[in-house]
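J.: Sequence:
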Amino acid sequence: MRRLIYLHGFRSGPQSIKAQQLRSHLAIRGRASELWCEQLPPSPQQAMALVESVVLAAQAAGARVSLAGSSLGGFYALHLAEKHGLRAVLINPAVLAPMALVDYVGEHTHLYTGEPFRFGPDDVDALRALEPQAVTRPERYLVLLETGDEVLDWWQAVLKMRGANMVIHAGGDHSLRSFADELPRLDAFLQADG
Numbered sequence: 003m004r005r006l007i008y009l010h011g012f013r014s015g016p017q018s019i020k021a022q023q024l025r026s027h028l029a030i031r032g033r034a035s036e037l038w039c040e041q042l043p044p045s046p047q048q049a050m051a052l053v054e055s056v057v058l059a060a061q062a063a064g065a066r067v068s069l070a071g072s073s074l075g076g077f078y079a080l081h082l083a084e085k086h087g088l089r090a091v092l093i094n095p096a097v098l099a100p101m102a103l104v105d106y107v108g109e110h111t112h113l114y115t116g117e118p119f120r121f122g123p124d125d126v127d128a129l130r131a132l133e134p135q136a137v138t139r140p141e142r143y144l145v146l147l148e149t150g151d152e153v154l155d156w157w158q159a160v161l162k163m164r165g166a167n168m169v170i171h172a173g174g175d176h177s178l179r180s181f182a183d184e185l186p187r188l189d190a191f192l193q194a195d196g
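Following the working numbering, the numbering of the sequence shown begins with 3 at its first residue and continues without gaps.
These are calculated hints, taken from the structure and not from any lab test. Treat each hint with caution, since some may be false.
What the hints assert, rightly or not - Ranges between beta-carbon positions, derived for each pair: (1) Gly173 x Ala63: 39 to 47 Å; (2) Arg130 x His110: 16 to 24 Å; (3) Arg120 x Val56: 21 to 29 Å; (4) Asp127 x Glu54: 30 to 38 Å; (5) Gly173 x Ser26: 35 to 43 Å; (6) Asp183 x Ala29: 13 to 21 Å; (7) His86 x Arg187: 16 to 24 Å; (8) Asp124 x Ala194: 34 to 42 Å; (9) Asp195 x Pro123: 38 to 46 Å; (10) Tyr106 x Gln61: 30 to 38 Å; (11) Gly116 x Gly165: 35 to 43 Å; (12) Glu141 x Gln61: 15 to 23 Å; (13) Asp155 x Ser180: 17 to 25 Å.
Note that beta-carbon positions come from the ideal geometry of N, C-alpha and C, so glycine has one too.
Go ahead and model the full structure; you've got the sequences and the hints to work with.
T.: Put into structure tokens, the structure is as follows:
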């Protein structure tokens, strides 16, 4: 039994194009039930409490858990993979999320639900507390990047994730335009042993 946990980015949700593409990829293969992809709370502490409970419940049920995360979700996936020794795919990840999101302190609206939320200085501090000091066993990671990312500096991920499996596409943008083409690679990587 497998459980793939997909973690969306800041202001995003399970309605995102990447989440829909991943859901469709698994459904076509008769594996839709493997995917957990839910709306994460805007609070990093609440988001991690929710996802931790999903990881632990899946492991208790005997599932082999893996992670995929985009942008802030990539940061969360990195934290959880380090904490639990899981394989993870990081998609244009915000590997330095506390630094990247300090400029986003304030009022925001979810892109898909339209719900307002506040992201405060305490949330930036919570992200700092989640930041891994080092990446252990980088071979557990597949990092998908596009050099045209207009939100995050893709080179930060290259430096942070040295030794990881990396696919870097020239051009593109923060949404990772090449994501649909990379789904077979993502799937094969997460199903591999190790």
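J.: Hints first: check each against the structure and report whether it holds.
T.: Hint check:
The supplied range of 39 to 47 Å is met by Gly173 and Ala63, whose beta-carbon atoms lie about 42 Å from each other. Between Arg130 and His110 the Cβ separation comes to about 19 Å, which falls inside the hinted range of 16 to 24 Å. For the pair Arg120 and Val56, the beta carbons lie near 25 Å from each other, so the given range of 21 to 29 Å is met. Look at Asp127 against Glu54: about 19 Å separates their beta carbons, and that is not inside 30 to 38 Å.
At about 24 Å, the beta-carbon gap between Gly173 and Ser26 misses the expected band of 35 to 43 Å. Separation of Asp183 from Ala29 is about 18 Å and conforms to the stated range, judged on CB atoms against 13 to 21 Å. His86 and Arg187 have their C-beta atoms about 23 Å apart, which keeps the hinted 16 to 24 Å range intact. At about 39 Å, the beta-carbon gap between Asp124 and Ala194 stays in the expected band of 34 to 42 Å.
Taking the beta carbon of each, Asp195 and Pro123 are about 42 Å apart, inside 38 to 46 Å as hinted. Distance hint for Tyr106 and Gln61: a CB-CB separation of about 32 Å, consistent with the stated range 30 to 38 Å. As the Cβ distance of Gly116 to Gly165 is approximately 41 Å, the hint placing it in 35 to 43 Å holds. Remark: the range hint 15 to 23 Å for Glu141 to Gln61 is upheld by a beta-carbon distance near 21 Å.
Against the hinted window of 17 to 25 Å, the Cβ-Cβ separation of Asp155 and Ser180 comes to about 18 Å, which satisfies the hint.
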